[in-house]
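For the protein sequence lines, the chains are C and W, in the order given. So the first sequence is numbered by the numbering used here: it starts at 1 and just counts up by one. So the second sequence is numbered by the numbering used here: it starts at 1 and just counts up by one.
Where hints are given, some of them may not hold.
Chain W regions said to be covered by chain C (calculated; three or more residues, Cβ under 8 Å) [to be verified]:
id : segment
1  : 26-33
2  : 99-110
3  : 114-121
4  : 180-193
5  : 199-213
If you're looking for bench data, these hints aren't it; they were derived computationally from the structure. Each residue gets a CB set at the ideal place from its N, CA and C atoms; glycine is no exception.
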Amino acid sequence: MNVEIADLTRRFGRNQAVAGVDLQAGPGVFGLLGPNGAGKTTLLRMMATVIPPTAGRLRLLDRDPGAYGPRREIRRRLGYLPQNLGYYPGFTVVEFVEYFALLKEMPAARVPAAVAAAVERVDLGGRARAKLRTLSGGMLRRVGIAQAIVNEPELLLLDEPTAGLDPEQRVAFRALLRDLGQRATVVVSTHLVEDVGAACSEVALMDAGKIVFQGTPAELTARGTEQGTGDAPLERGYTAVLAAARS
Amino acid sequence: MNGLRDDGPPDVDLSRVWTSVAAQVWRRRPGWLERTATRLLRSPGLARALLTTPSLLLPWLIASIVVLAAGAAATLNSGQPMVALLAPAVAAAAIAYSYGPGIDPAWELSCSMAVSDRMVLLVRALAVFAVNAAFGLAASAVSAALGSPAHSATAAASGAAAAVTFGWLIPMTAVCGFALAVATLARSANAGAAAGVAAWLITVLSGRVASGHFAAAVTDTVLFLPYLAIGAVCAAVALFATRIPRGTYR
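Here chain W stands alone, though its shape is the one from the complex (with noise of 0.2 Å):
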């Protein structure tokens, strides 16, 4: 575990020429989005640990729009708004999985660092928010244009799906919430996609049985207040469950 170029000339420090050496050769030159990020974010420590994000990952974000496009076109052949439906959950687990112990392998080293880990899952989360909240937009817009007056079979689903293009918006925002409060209380992903997509499986279902709509949980506006309260609690939830107590330290 020490330099071995110690030979060569005495008035010359090939170890050190060779660490010069060894830096620039083996110098990692970011990409544009980590280079963006990192403008952005101001930080390069900030901007490459987003890019690490386990559900920001190329495997993820395909498994995402296959459910997102299957979410479309069950929507124009059912005419019910699946999208709207699937978005909140696919965004509850990707929130989840977006870091915590379990999930991110160097998850108690990255506690002793300097970029506070708070901070990297707030930058995460917000990430993670924004991409499923892209995607989700894309597939009703998808499913939206799809299912316009050409396609006379699925007139209604069109209609039905553009009220609701937006509508889903406020309930993933108190299902993303949720699946974060879960996910940093429990110190589980696991626990926070499960509990963050039962939650929505449970306010669908309700929805369905109070109103008889298949859709209510993103089309009742009168639910939009709840789940903005919901959001709000459970974001403070989870940035007190991240919190570094005080203890005693003197």
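In isolation and in its complexed conformation, chain C is listed as follows (with noise of 0.2 Å):
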């Protein structure tokens, strides 16, 4: 398993934002659904190593993160898209995402190939060299997503990737992810139920810090079949399986 949480918790003074969670993850497409202040983004980001819990076990890719050697390898081998990720407006595309590569510790000769490589799967190639500040919203996402699967990694925490995505390029989004999670585990952290049924094989809904549903994207449309609300079936499950939790 390259995720293995037991009842992880994370407060932020009074505010629990994560409450007991507990998830295991292998390689594959693992969709994290939920509504806004689920817990969603805390739990990538202690999953990014950028923020401890406040209690419970996180092991990533077999090792501990709290540990300075491990965390440290962890982190050669993680690809991580924050909800919001910051640009410097001078660079140009390939170099932010060489900047990122270099700070993954890739070897520096196979950095450029791993870059053109990255720069071309996001189907940027074509803006390579232009500088960040002259990117539309969609492209600067994708320029994101760049640095994320640059060092091609084990594990791949992506948060609200397909936000600013028109729908073509979320339709290739989705075959790119289908994609790395042959070989990794991708966590993509979304409230697009459409995303997680199209590319994910196993997901969780979040609600209140908790973890309220695990399966797969059918037996959470199977969820919805009788009483739940919404305009696709993934929709019904969705909003049956919040209302049973918070009923």
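Relying on the hints, combine the two individually framed chains into one complex.
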């Protein structure tokens, strides 16, 4: 298992953002669904080793991220796209992706080819030398995805990756996710249920810091056959599970 | 989001060929400064992080030089060691703006990188300190040279300026340490810069009230030990504030 989480909790003062989450994930695309404020981003930030948990057990890629050496090794094999990714406006697309490849301690000789491959995979080859300040929101998001996959991560954490992407780009992105999920554990946090239905092999639904459902997209869809509301079957499953959790 | 260059003979992977070509075409050639930093730091990532330090970018450096040049001019005109009084404040602001949320656009992402953010902070802080110390020394030397005996009207000022050519380095260490500690604790470069500048202002004014000398904060050697102690404590606070708590990973 690339991700092993047991009773994981994170508090910010009196606010409990993540409340005793249990989760295991191996290779494949794992969707993390939930309404705003459910705790998805906090859970992802703990998995990205940006913040430590308040309580509970977290192991990533069979290593303990609490110790310096293993944490550094995890980070070399990690790809992370934060919800709010900042950009250096004076950097070009290639410079930005290269910068993070170097910070991931990729061997310098491998970096140019890895950067070119990552930029091509997100279909930004035509803008490779464009300054980031000249790119649209969707393009910037794709630059963020490129830096996340540049090191061919074994654990890829994507927080709202499709925000700002147009429908055509989202379809292409889902194909990319499925491809990446064949070798790596890809955890995608989103509130767009259609992304999960199209790309994920497993899904967890979070509400108020807890996981209230875990299963396949088909199983989530099945929960909504009677009482869920929404335009799509998966949406009805989503709303039905949330309603049941809150009742 | 996929290679669209799939046309061609079936035995040739055009996507792969294109990627190899693109890697060469897009390849960035690091400048001499980055190559030197890479050799010194033994880390291309750390070297690149150093060269992206906000307070080491050209506009910031030019602004620092302008402020210190104005200080040198004021030293010559007023007879007060303005460079010595300005240098710690300029350095404190630069240190506070070297790294952190709100200043580094991709700060959160940087926190998930193998090159530790604490190491980036350390390298950047040392580089910023060194650059500002060099600027301050140059400005002090210029004001001392121009205020030499040939400029008889400012001879007294030159003596004072010469006396503090190096004296301000120790208070600068303390003020920089304080600014860094506040910036890392508050996770705000603005807070760090404001605290550093305010603390230095208070120190200078207190020195003047206590001794009657405007430059007492940089000339009174009794203060040097407390300055060093404050610098050391603040460095420890900054290290503490930038640690990753073990939390309860098991």
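Do the hints match the structure? See the list:
| no. | hint | result |
| --- | --- | --- |
| 1 | 26-33 | holds (count 3) |
| 2 | 99-110 | holds (count 7) |
| 3 | 114-121 | holds (count 3) |
| 4 | 180-193 | violated (count 0) |
| 5 | 199-213 | violated (count 0) |
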